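Visitor: Sequence:
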Amino acid sequence: MKKLISALIVIGLSIGIAGCDKVGSESWCKKLEKKDKGDWTANELADYTKYCVLKMDPDAEE
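Quick note on numbering: the sequence shown equals residues 2 to 63 in our numbering.
It is possible that some hints are incorrect.
Quick list of in silico lysine-lysine cross-link-like pairs, DSSO-like style, CA-CA up to 27 angstroms [claimed, not checked]: (1) Lys35 - Lys3; (2) Lys51 - Lys38; (3) Lys23 - Lys36; (4) Lys3 - Lys36; (5) Lys36 - Lys56; (6) Lys3 - Lys31; (7) Lys31 - Lys51; (8) Lys4 - Lys35; (9) Lys51 - Lys32; (10) Lys4 - Lys32; (11) Lys23 - Lys38; (12) Lys36 - Lys51; (13) Lys23 - Lys4; (14) Lys23 - Lys3; (15) Lys56 - Lys38.
If you are wondering where the hints come from, they were derived from the structure by calculation, not from laboratory data.
Treat the numbers as computed from the prediction; the structure is a model and nothing was measured.
Work out the full structure: start from the sequences and follow the hints.
Guide: See below:
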């Protein structure tokens, strides 16, 4: 049981660390620029265009 709990904690922490960059933030844009463009998803491309190229506010309501 301790191994299961430990594994869940490690998985939870790794997900939390991996997802710490908010979509549209400057750090998210820089992180995506380092990623091979062939590996971008359609959503990443759309968000990159909106927030990193067109400089739209990610916190603005649509």
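Visitor: State for each hint whether it applies.
Guide: Verification of the hints:
1. Lys35 - Lys3: Cα-Cα ~38 angstroms, so violated.
2. Lys51 - Lys38: holds (16 angstroms)
3. Lys23 - Lys36: holds (16 angstroms)
4. Lys3 - Lys36: Distance of about 36 angstroms is beyond 27 angstroms: violated.
5. Lys36 - Lys56: holds (20 angstroms)
6. Lys3 - Lys31: This hinted pair is violated, its Cα atoms lying about 38 angstroms apart.
7. Lys31 - Lys51: With Cα atoms ~14 angstroms apart, Lys31 and Lys51 stay inside 27 angstroms; holds.
8. Lys4 - Lys35: With Cα atoms ~35 angstroms apart, Lys4 and Lys35 exceed 27 angstroms; violated.
9. Lys51 - Lys32: holds (16 angstroms)
10. Lys4 - Lys32: violated (33 angstroms)
11. Lys23 - Lys38: Between Lys23 and Lys38 the Cα gap is close to 19 angstroms, so the pair holds against 27 angstroms.
12. Lys36 - Lys51: holds (17 angstroms)
13. Lys23 - Lys4: Status violated; Cα separation ~31 angstroms.
14. Lys23 - Lys3: violated (33 angstroms)
15. Lys56 - Lys38: holds (19 angstroms)
The structure is inconsistent with the numbered hints 1, 4, 6, 8, 10, 13 and 14, although it conforms to all the rest.
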